[in-house]
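Residues in the sequence shown are numbered consecutively from 7, following the numbering used here.
Just so you know, the hints here were simulated from the structure itself, not pulled from any lab data. Only a predicted model underlies this, so the values are computations on that prediction, with no experimental measurement involved. The beta-carbon is built from N, C-alpha and C at its ideal position, and this holds for glycine as well. Fair warning: there could be bad hints in the mix.
Across the chosen pairs, the derived CB separations fall in these ranges [unchecked claim]:
1. Phe31 / Leu164: 16 to 26 Å
2. Val114 / Ala135: 16 to 26 Å
3. Gln54 / Ser10: 44 to 54 Å
4. Ala135 / Asn172: 48 to 58 Å
5. Arg58 / Leu164: 29 to 39 Å
6. Val107 / Ala59: 17 to 27 Å
7. Ile60 / Asn174: 40 to 50 Å
8. Ser128 / Asn62: 22 to 32 Å
9. Arg58 / Arg134: 20 to 30 Å
10. Ile14 / Asn62: 22 to 32 Å
11. Asp142 / Ile171: 40 to 50 Å
12. Leu164 / Glu118: 34 to 44 Å
13. Ser138 / Val107: 19 to 29 Å
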Amino acid sequence: MECSINTITTISTILLTGLTAGLCFTWTNAVTPGIGRLDDLGYLQSFQEMNRAIINPLFMIVFFGPLFGHVANVYLNRNQPSTIFWMLFAAGMLYVAGVVVITIFGNVPLNEMLESTDLENSSPEKLRALRSSFEDKWNRLHLIRTITSVLSFLLLTLTLLQNQINTNT
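Please put together the full structure from these sequences, using the hints given.
Below you can see the structure in the form of structure tokens.
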């Protein structure tokens, strides 16, 4: 099997998008429901610590790598059959709009609001108000990231399969 730059780029983007989708899925289905059971202080402290821990080089590669991979896929496959091109384009748009843009303009500002709060010196009322203004909004935005990252991963995988079908016929 010949491995073209298109194939390598697509497989790399599938891998990184899949890792992001898995991360989002895990947060949606285990992390946020689990810490959601904590009291206000415990919940907010846990979220602060996870937000601090997740910003690391490996996460940045997994999170932003697909952004570059999707752009490269669309460019490299601009002359492919229209079905493949539009599936790659849709996968890229889902990832960019539903993961990157939502994160930068939705979840990150909420995380920064949380980070700027001295939780240990906040009253129970202030903690309750902070959690109320944070939790549901963050979870709704994150659900969008989960759905769009999974759909992007699915479309990428289908393009690779479609390309294989086209090659074999």
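Review point. Can you name, in rising order, the numbers of the hints this structure does not satisfy?
Key: none
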